[in-house]
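Participant: Spelled out from the first residue to the last, the chains are:
There are 4 protein chains.
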Amino acid sequence: MWGERVPDVTTHPALRWAVDTAALDYEMAEHPRLKELAVVQDPDSGQPMSRYFKIPRTSEDLLKRHELILEGTRLGQATIPFIKDIGTDLIHALLIVTKKMKDPVYHQRVLAYREHVKSHDLALAGAWTDVKGDRSLSPRKQSNPDAYVRVVERRKEGIVVRGAKAHTTAAPYVDELIVVPTRNMREEDQDYALAFAVPVATKGVKLIVKQAPEVRARLDAREHNLDFPLPAPRLHLETLTIFDDVLVPWDRVFLCGEYPFAGPLAYACATFHRFTAVSYKPPLGELLAGAAQLIAEANGVHQASHIREKITQIVTYTETIKALGRAAAHDCQIIEEIAVPHPVITNMAKYYFASNYHQVVKAVQDIAGGLVVTAPSFKDFQNPATRELVEKYLGGRADISTEQRMRLFQLVRHLTASDESGVLEVLAVHAEGSIEAQKMMIYAEAPLEQYKAFARAVAGI
Amino acid sequence: MWGERVPDVTTHPALRWAVDTAALDYEMAEHPRLKELAVVQDPDSGQPMSRYFKIPRTSEDLLKRHELILEGTRLGQATIPFIKDIGTDLIHALLIVTKKMKDPVYHQRVLAYREHVKSHDLALAGAWTDVKGDRSLSPRKQSNPDAYVRVVERRKEGIVVRGAKAHTTAAPYVDELIVVPTRNMREEDQDYALAFAVPVATKGVKLIVKQAPEVRARLDAREHNLDFPLPAPRLHLETLTIFDDVLVPWDRVFLCGEYPFAGPLAYACATFHRFTAVSYKPPLGELLAGAAQLIAEANGVHQASHIREKITQIVTYTETIKALGRAAAHDCQIIEEIAVPHPVITNMAKYYFASNYHQVVKAVQDIAGGLVVTAPSFKDFQNPATRELVEKYLGGRADISTEQRMRLFQLVRHLTASDESGVLEVLAVHAEGSIEAQKMMIYAEAPLEQYKAFARAVAGI
Amino acid sequence: MWGERVPDVTTHPALRWAVDTAALDYEMAEHPRLKELAVVQDPDSGQPMSRYFKIPRTSEDLLKRHELILEGTRLGQATIPFIKDIGTDLIHALLIVTKKMKDPVYHQRVLAYREHVKSHDLALAGAWTDVKGDRSLSPRKQSNPDAYVRVVERRKEGIVVRGAKAHTTAAPYVDELIVVPTRNMREEDQDYALAFAVPVATKGVKLIVKQAPEVRARLDAREHNLDFPLPAPRLHLETLTIFDDVLVPWDRVFLCGEYPFAGPLAYACATFHRFTAVSYKPPLGELLAGAAQLIAEANGVHQASHIREKITQIVTYTETIKALGRAAAHDCQIIEEIAVPHPVITNMAKYYFASNYHQVVKAVQDIAGGLVVTAPSFKDFQNPATRELVEKYLGGRADISTEQRMRLFQLVRHLTASDESGVLEVLAVHAEGSIEAQKMMIYAEAPLEQYKAFARAVAGI
Amino acid sequence: MWGERVPDVTTHPALRWAVDTAALDYEMAEHPRLKELAVVQDPDSGQPMSRYFKIPRTSEDLLKRHELILEGTRLGQATIPFIKDIGTDLIHALLIVTKKMKDPVYHQRVLAYREHVKSHDLALAGAWTDVKGDRSLSPRKQSNPDAYVRVVERRKEGIVVRGAKAHTTAAPYVDELIVVPTRNMREEDQDYALAFAVPVATKGVKLIVKQAPEVRARLDAREHNLDFPLPAPRLHLETLTIFDDVLVPWDRVFLCGEYPFAGPLAYACATFHRFTAVSYKPPLGELLAGAAQLIAEANGVHQASHIREKITQIVTYTETIKALGRAAAHDCQIIEEIAVPHPVITNMAKYYFASNYHQVVKAVQDIAGGLVVTAPSFKDFQNPATRELVEKYLGGRADISTEQRMRLFQLVRHLTASDESGVLEVLAVHAEGSIEAQKMMIYAEAPLEQYKAFARAVAGI
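Sequences listed follow chains A, B, C and D, in order. With the numbering used here as the guide, the letters of the first sequence map in order to residues 1 to 461. With the numbering used here as the guide, the letters of the second sequence map in order to residues 1001 to 1461. With the numbering used here as the guide, the letters of the third sequence map in order to residues 2001 to 2461. With the numbering used here as the guide, the letters of the fourth sequence map in order to residues 3001 to 3461.
Be a bit skeptical, because a hint or two may be false.
[Stated by the list, open to error] Here are the simulated BS3-like cross-link-like pairs (lysine-lysine), alpha carbons at most 30 Å apart as the crow flies: (1) C/Lys2064 to C/Lys2099; (2) B/Lys1206 to A/Lys452; (3) A/Lys64 to A/Lys35; (4) D/Lys3452 to A/Lys392; (5) C/Lys2099 to B/Lys1203; (6) B/Lys1392 to C/Lys2452; (7) C/Lys2379 to B/Lys1203; (8) C/Lys2035 to C/Lys2102; (9) A/Lys141 to C/Lys2452; (10) B/Lys1064 to A/Lys452; (11) C/Lys2064 to D/Lys3452; (12) C/Lys2392 to D/Lys3452; (13) B/Lys1392 to C/Lys2203; (14) D/Lys3206 to C/Lys2064; (15) D/Lys3379 to A/Lys206; (16) A/Lys392 to D/Lys3035; (17) D/Lys3379 to D/Lys3392; (18) B/Lys1141 to D/Lys3452; (19) A/Lys452 to C/Lys2379; (20) B/Lys1452 to A/Lys64; (21) A/Lys64 to A/Lys54; (22) A/Lys379 to B/Lys1392; (23) D/Lys3392 to A/Lys141; (24) A/Lys379 to D/Lys3206; (25) D/Lys3064 to C/Lys2452; (26) B/Lys1379 to A/Lys35; (27) C/Lys2035 to D/Lys3452; (28) D/Lys3156 to D/Lys3141; (29) D/Lys3035 to C/Lys2452; (30) B/Lys1156 to C/Lys2392; (31) D/Lys3156 to A/Lys203.
Everything labelled a hint here was simulated from the structure, so no lab data went into it.
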């Protein structure tokens, strides 16, 4: 990270914040209000286990999972703890797809792997999106044959894999990496039809943490008292995850060459993980709505018609995602005895989130006013030479203190006009698959034949 | 209608189509596939009754009601049969609001009235929106004191009411009119805080059917063979419903002067009826999606990227309404033992429908092409002098006949570029309350305090 | 038309309205306020000629042409007189493209043809869009070889052409048809690379007028007194224009086989004609804005914040088109000594018009209210039995008469919720090329290389 | 700044960048290609002067001013040099408004002041937006009487002013501050109807520079080699500008108590300065378009249909602003012999820019992909232990180097997902007046009466 090897992620100035955010997942299990949600009894062993490991069998299971993620994310101040959701999303997808294969060996391996991570309550990351090189070319056609992760050797004790996955969230501070294909594969690409899991601490696995200017900015703000003091930041860090000829033992290989299953696996992973996405996104909307309403009140404009209009827009955005997320659970499909969130609704929810996010950011910025980016800093608020002037001239409504108003500007800046918020915008568009990917799945899953039959009947043809 | 008194609505050239559409409600009770949905056992009498009369007690009841409306509307080729939904919406709202009043007399009257219409399986219309005169003025301030329906006299045998309600759907061909206030009322407006029911065939009730050029256009097209022949049109007709000093017996008076309840009643009616709205709107989306896909195929453009994008947009529109409608049922609130659709979700669903409808119309027009409005008519297709030329030059993809393609143009024109479609656009915006009305209810019901608490915690204030 | 041969277009109940609309072009030449704009001195002959025939040499010429169309369209109550604009657009495009050819013969023919129509002040239509058959196939690949107009024989006296053009506006009531290709052509399609002109009254030219339900609706409304009486309707009619082996003399052939020039010609025609489009569209926006403001006042809601917001939206829409149209003239390109409207700006203006029109319609409908489609008719207003009630209950603001308000509802219905308005919506999307066509031209003409150089410099590459 | 007094703005690590950016204005006067644009002959003195000081008398003058700002901003890598535009915007507005006053004294002072700053080629900032306190209250009603800048004493030698202006761009590194009112004033607010100018270095003028995390982030990136090395950053800094009982000599007082002129002055300033805004905004669009196209090429996706669609969207955005800006100049109004950009077109252009900016940002992020925020840093690119892996796995299209691609990700991050880009978003919404302010001016200036007359004529009323 930042050009240097990190000796200990738990003490690194930046990574430790991410570690603390991830740790919220374990805290939930002890949290008075949330532990009932976070911990369930394992039907196999009778032991308590994280609810994330519960295989969803019903709508109710999916709704509880939704709520689990929602509450965890609220606990994380709109940042998801993350270390169980994608992992179990991929496991559930693997369970379904391997069940469809004639040979039961992959399915049994996935079951055994699940038992392992569940009984040890391990933290999991998903390495999914290949770096892809020239995106107009399929894996085999690339000038760099390792642009997609592939098997380069099959040995007795396992397979040797090479390649890299982009933006793997939380990889440096989880126990396990689960690797799945990013797309469908053709016969010529069979070496790229690959799924497996390895401990992060495996020889040949190399992680380069992203540039993370948003983290440096926060470090700087804390060190120099630029921001009003707040609790520890919540955040995650992504890595470029490199498999530099990594040996994966056979019992952790879940797909290796069976190319017709690569597409269905990518697809099933996408459905589960987009359901996760629409479960962890609403708290950000709630926070934006709350911040917008508070700053409107502090500015004395909350009664203005156009402000109420914009608040309504933010509320509608937030609650629509939530309602669609729940609807996807209610209307789940049972496949191989597993409850799969409704694929069209799940993708619509994610699409709605992704395609309207920037308009919500604009609404919040619009409501809050230009002082979001031009207000003096906390240092100027502390400096006796300027404090009085700042107190006097940055005051808004008489019954709200200048400090409160400045803290609100700070919050709005953080949420909508910072390195951090830039990351949020890009994630809105790209995390859990791009906007185009959601459109493709909606189109692919749409009941067009049923619509056409209806239209034919009405047209008399 | 059209300046003349109608002696018999069942034989009038236009009204009879509306009568036939309404009759679908009764047909559903005999329909092999739908009767199970349409008819339930009355828990009181043990007799079969229309499911519309079932008071919703659970999410499941609301989901079934949603499905009932959805299927009825599909049967009506995207037109709702209509004659039970609004009536029972208003009854359910009246049951809740009258229950909150100290004096149980109104509640008992509503229960008795419900028993009456249920046991006779009567057809019901709701007269709701006052004509309102100058909309910047409250009822009492109007230069026309009858701009809102009001009580002008209280007699021993009942009350005398005067005023008019705008756009009452189906009034000429139902049994009963249920009248509720259109808005909240202040003390000075107490004479306007009024709810009651009368048979349509009551002295002083006068109905003027709307202009309905869309019906004349259809009559003309059928008479002159301008359109390819199709089954009987499905449609409804609205009226200006005038209460010209109508005597309403006391047992049919449900609110008379208790002004603090006018607003809650209007509000409860809106919630129930907007849930109806989002239940009957999706089939129109399904039909538009089907028509768009079929015409794209007939034109040979269905594989084009921008066409698939637009199809996806229409599908997303349709399925989002459906998913939100179901979500409103799943997340219902139980008030006075009645399941009320979630008010925020219901209004968001209606708002989503209303605010995106025109974009969907545009997408369908865009996909279909200019021939939607410039294609020759069925007469030119029949005329031997021109038929061969039309056959030759209006053909699209080789495996789809010219007649099929022309029928599809006719369908798209009907749905998006006709008098009828103009009505659909206006209804999208205004029926069941305007777009602004939905925004107001979302804002009023939004959990802003909860959002604010979250934002305060994160801002450290 | 309507399945029958029309003996005389000037007396036909529908076509005569279109004839009268077209005649406005000749009336402008006598109009006290407009004749200076409409008539200029021919620099060749010194005689007065229609300004449409003036070859644009400067921005100022294009601005005057813009103003001419704008004023003509206002005279036509938002309908363009039409019979000179497209014709001269095509002539100007032909002048440019034929000038680029080695052999001057085509250019000389175009000059001669222009002299002919100019000196006789002839009315012109443009037959442009081929019927296209299966749109995924190029002309030669079609199962119907006549899906694009083509030359089937080259004779000494001229060429024989076969095929059909869709939606040719005004064809039945002009003197001349000018025919140009609809797209670029490859070598194999050279028989389709064809431009020529014929008098409408040429053997083998067959016109089938479109279905035109909007015209029947108007005839019906007038005949039965359903609408408040108004002056003669303004409208145009499109035809399916069939060339059933039509002999075109050589001196009227402007392109025949020189396939590399088909694309540039289509492109040049598009630029000129989209400039015409953005010149004739603004009056519709002006009319919508005026109608919306008047009905808001009549309803008493014009001071409401959301109403002003929507009025502002309609104004912005209208004035943006106008400003972009003028900007396209100001920033014209001089090609072959002819001033060509700036292609990017022209297409942006047309795109802006087309892609936002439906939102404007929605805004007007939203402002006006549901009575637009549910108000009683003029007949009910005349009928003594109902007039008093209608007068009383459809009154709005006290100082505006009920009749005025009803006339405004009628106007809004006509403009936004009628067969006519449906046609307007489809035309917004498709006339002068579809939305996708404008995007393609913007992309093709965009200064991407210049942008890229800028970005490279800033990125340090 | 940052809680500390700045001894020298030209050497301060952050302010010096802003100083360098401002200095581009003076560099233009020596720039081989641009000097002809930047410098004109003063018609009074015959001496060369900055073109900014040229009072616009014609469209051509405004077009040149537009071009001057455009080219200056391109020179500043999409950042405007800034130090002459707003100053002369305010001077031109003052010239017009003071000319309308009976007493010529203010006008003469403005003329004299203009001569002073012109002949010394001084750098100017505008202090315009009051801090406003509780925005629901007018100046006099505020609990803090100094929430708007006001005169607190009138002395023989001048007036004493107190209050603060928010976000004054470039104040710390210009010579002069020009102060104008932010809104219309009523009689009771006459002490707030105030315009004047002072040197920045005046006793009692106190500047607190904004927090500027975006500057710290850049300092950090440069110091630690996190970003690929680039030329000096271009940026500006805003201040909270406090007038702590500042004495303003009478010859620099331009309005003091004449409250009816406060609104017109604010309005005139807005028109001129929004024209400046739409002149300096397009280069940012050009840069975004170039960056988007380059990264699409580097990713190998530039031929994808949806990518071209998004590129077209960015181009259309950029060129529409430019075209409207030029149109506002072409259609200027001559008021008091000064050419004023067309107020409706100017505000539409600014509104178009402001209301669509976030969608453009989204498009660029969408095109570029998630690596924008997850790519490793320049340090990882330099570190020999990781460089090879980064080179290998972050390569895109074969003919574009990994470094080039990473530089493009860096550029896109900077432009769309950084502290800097957050500021750009907020400025898009708020700089030169909020979106609502533009809507208000469009509505106020719209030719509604003309539209209404048209609609009345068509409706027959």
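Participant: Take the hints in turn and mark each one as holding or not.
Facilitator: Hints versus structure:
Proposed proximity of lysine 2064 of chain C and lysine 2099 of chain C is supported: the alpha carbons are some 25 Å apart, at most 30 Å. Proposed proximity of lysine 1206 of chain B and lysine 452 of chain A is contradicted: the alpha carbons are some 43 Å apart, above 30 Å. Proposed proximity of lysine 64 of chain A and lysine 35 of chain A is supported: the alpha carbons are some 13 Å apart, at most 30 Å. For the hint linking lysine 3452 of chain D to lysine 392 of chain A, the alpha-carbon distance of about 48 Å lies beyond 30 Å, and the restraint is violated.
Taking the CA atoms of lysine 2099 of chain C and lysine 1203 of chain B, the gap is near 80 Å; set against the 30 Å cutoff, the hint is violated. Among the hinted pairs, lysine 1392 of chain B with lysine 2452 of chain C is inconsistent with the structure: their alpha-carbon atoms are about 48 Å apart, more than 30 Å. Proximity of lysine 2379 of chain C to lysine 1203 of chain B is assessed by CA-CA distance (about 24 Å); at most 30 Å being required, the pair is judged to hold. A hinted pair counts as satisfied when its Cα atoms are at most 30 Å apart, and lysine 2035 of chain C with lysine 2102 of chain C does not qualify at roughly 40 Å.
Between the alpha carbons of lysine 141 of chain A and lysine 2452 of chain C the distance comes to roughly 28 Å, so the proposed pair stays at or under 30 Å and holds. Under the criterion of a C-alpha separation no larger than 30 Å, the hint pairing lysine 1064 of chain B with lysine 452 of chain A is consistent with the structure, at around 25 Å. Between lysine 2064 of chain C and lysine 3452 of chain D, the direct Cα distance comes to roughly 25 Å. Compliance with the 30 Å bound is thereby established for this hinted pair. With a CA separation close to 25 Å, the supplied pair lysine 2392 of chain C and lysine 3452 of chain D stays within the 30 Å bound.
A threshold of 30 Å between alpha carbons decides the hint, and for lysine 1392 of chain B with lysine 2203 of chain C the separation of about 19 Å falls inside it, so the pair holds. Only pairs whose Cα atoms come within 30 Å are accepted, and lysine 3206 of chain D paired with lysine 2064 of chain C is rejected, the gap being roughly 55 Å. Note on lysine 3379 of chain D and lysine 206 of chain A: the hinted pairing holds, with a Cα-Cα distance of about 16 Å set against a maximum of 30 Å. Proximity of lysine 392 of chain A to lysine 3035 of chain D is assessed by CA-CA distance (about 45 Å); at most 30 Å being required, the pair is judged violated.
Among the hinted pairs, lysine 3379 of chain D with lysine 3392 of chain D is consistent with the structure: their alpha-carbon atoms are about 16 Å apart, no more than 30 Å. For the given pair, lysine 1141 of chain B sits about 28 Å from lysine 3452 of chain D by alpha-carbon distance, which is consistent with the 30 Å threshold. With a CA separation close to 41 Å, the supplied pair lysine 452 of chain A and lysine 2379 of chain C exceeds the 30 Å bound. For the suggested pair lysine 1452 of chain B and lysine 64 of chain A, the alpha carbons sit about 25 Å apart, so the restraint of at most 30 Å is met.
Of the supplied pair hints, the one linking lysine 64 of chain A and lysine 54 of chain A holds, its CA atoms being roughly 10 Å apart against a limit of 30 Å. At roughly 80 Å between alpha-carbon atoms, lysine 379 of chain A and lysine 1392 of chain B are farther apart than 30 Å, so this suggested pair is violated. As the CA atoms of lysine 3392 of chain D and lysine 141 of chain A are separated by approximately 16 Å, the hinted pair is consistent with the 30 Å bound. Restraint check for lysine 379 of chain A and lysine 3206 of chain D: satisfied, since their Cα atoms lie roughly 16 Å apart, inside the 30 Å limit.
Of the supplied pair hints, the one linking lysine 3064 of chain D and lysine 2452 of chain C holds, its CA atoms being roughly 25 Å apart against a limit of 30 Å. Of the pairs offered as hints, the one joining lysine 1379 of chain B and lysine 35 of chain A is violated, with about 73 Å between alpha carbons and a cut-off of 30 Å exceeded. A threshold of 30 Å between alpha carbons decides the hint, and for lysine 2035 of chain C with lysine 3452 of chain D the separation of about 25 Å falls inside it, so the pair holds. Between lysine 3156 of chain D and lysine 3141 of chain D the alpha-carbon distance is near 29 Å, which keeps this suggested pair within the 30 Å criterion.
Of the supplied pair hints, the one linking lysine 3035 of chain D and lysine 2452 of chain C holds, its CA atoms being roughly 25 Å apart against a limit of 30 Å. Restraint check for lysine 1156 of chain B and lysine 2392 of chain C: satisfied, since their Cα atoms lie roughly 29 Å apart, inside the 30 Å limit. Of the supplied pair hints, the one linking lysine 3156 of chain D and lysine 203 of chain A is violated, its CA atoms being roughly 84 Å apart against a limit of 30 Å.
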